[in-house]
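> Sequence:
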Amino acid sequence: MTAMDDSRTRGRSSRSTGSARLTDVARVAGVAPMTVSRALNRPELVSESTRLRVQRAVLETGYVPNRVAGALASSRSRLVALLVPTVAHSLFAEVVQTVMGVLAPQGYQVLLGLTGYTPEQEETILETVLSRRPDGIVLTGCCHSALTRQRLLSAKVPLVEIWDMSDDPVDMLVGFSHEAVGRAVAEHLLARGYRRFGLISADDSRGRRRVAGFVAGLESAGKGTYQLREVGTPSSMPWGRDMGAELLDSHSLDAIVCSSDILALGVLAEAQSRGLAVPDRLAIMGFGDSSYAGASFPALSTVRIDGAAIGLRAAEHLLQRMAQPTFERAGRSQDVGFEIIDRDTT
1 MTAMDDSRTR GRSSRSTGSA RLTDVARVAG VAPMTVSRAL NRPELVSEST RLRVQRAVLE
61 TGYVPNRVAG ALASSRSRLV ALLVPTVAHS LFAEVVQTVM GVLAPQGYQV LLGLTGYTPE
121 QEETILETVL SRRPDGIVLT GCCHSALTRQ RLLSAKVPLV EIWDMSDDPV DMLVGFSHEA
181 VGRAVAEHLL ARGYRRFGLI SADDSRGRRR VAGFVAGLES AGKGTYQLRE VGTPSSMPWG
241 RDMGAELLDS HSLDAIVCSS DILALGVLAE AQSRGLAVPD RLAIMGFGDS SYAGASFPAL
301 STVRIDGAAI GLRAAEHLLQ RMAQPTFERA GRSQDVGFEI IDRDTT
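Residue 212 in the UniProt record's numbering sits at position 212 of the sequence shown; the count goes up by one each step and never skips.
Keep in mind that the hints were calculated from the coordinates and are not lab data. Because the structure is a prediction, the values reported are computed rather than measured. Built from N, CA and C at the ideal position, the CB exists for glycine as well. Treat the hints loosely; a few may be bogus.
So the derived label-pair ranges between C-beta atoms look like this [stated by the list, open to error]:
| # | residue 1 | residue 2 | range |
| --- | --- | --- | --- |
| 1 | A88 | T124 | 40 to 46 Å |
| 2 | Q272 | T326 | 58 to 64 Å |
| 3 | R21 | L45 | 19 to 25 Å |
| 4 | L111 | R27 | 31 to 37 Å |
| 5 | D335 | P298 | 30 to 36 Å |
| 6 | G193 | A330 | 17 to 23 Å |
| 7 | S49 | R21 | 38 to 44 Å |
| 8 | A323 | R149 | 21 to 27 Å |
| 9 | Q272 | S220 | 14 to 20 Å |
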């Protein structure tokens, strides 16, 4: 190996250790350091060809941006916190994928937090998130503890609450009314002649509000009776089967309504094990229109929520707000609605 070859090897090695500087990237890409900074932090401000040259230079040099230094200099972290109860449910996973897909090309990193289904866990996660000084937050739900709400109001960070509807959002809100879902399901099933209902709901605030809407729908129509059972979170098919068995053993029912598709599939399994014809002997309704709902046999009736639309609008609202030079709460709500999917179980 010649001295020149050895020098080149040492140069490549030093660039791959993570010690490369922004000026090294600029030299390799043949652009000014400021252009590199724009390409990495505000890619929409540079041409596609320049962005690709900078990306190739980053790959060649092994450059790692110093996000801490950049945040101190610009008062921007380029970080957005996305807080959902779980990613096990396909609807929440759809929201996560959409939000990340919109924000990443704009130079934002998404910090994903799982809040579970308790106010205490949400408080803990939010405290950690706010310590990272995010530029924006997407938070599932509107029902928060007093401490969480106060922290959100004091943080002066653009916030989009999702998956809910409220007359008093902290900042921005994209979602739907759970009470309206419950009422619409009640009206739909009453119109089909069902009168004796079993309700199986997760013991979280959103599930309970759908139950409240369903009961209000029965009371408004002046017909129909119901029996309620609650299960823990996250819901599961065994819980649906167990609660379905309990309801069928103790009451004469012609329909069971569940707060999730996975619970409804449990009820369907129990009905089939008893030889009950669905929907002639027992109707079953889920919620969420999960990927497996239409593939079950018989195909599960449910309520469809457009998770991708919620994620898209939440991300777009955040981008608009984060681009503003000063902070000001919007107090804006957007209802994306829902759709009852009437399949073979009703």
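> Are the hints correct? Go through all of them and say.
Here is how each hint holds up against the structure:
1. A88 / T124: 40 to 46 Å: violated (20 Å)
2. Q272 / T326: 58 to 64 Å: The hint (58 to 64 Å, Cβ to Cβ) holds, given that Q272 and T326 are roughly 60 Å apart.
3. R21 / L45: 19 to 25 Å: holds (21 Å)
4. L111 / R27: 31 to 37 Å: The hint (31 to 37 Å, Cβ to Cβ) holds, given that L111 and R27 are roughly 32 Å apart.
5. D335 / P298: 30 to 36 Å: holds (31 Å)
6. G193 / A330: 17 to 23 Å: violated (45 Å)
7. S49 / R21: 38 to 44 Å: 23 Å Cβ-Cβ, so the 38 to 44 Å window is violated.
8. A323 / R149: 21 to 27 Å: holds (26 Å)
9. Q272 / S220: 14 to 20 Å: violated (33 Å)
Violated hints, listed in ascending order, are 1, 6, 7 and 9; each of the other numbered hints is respected by the structure.
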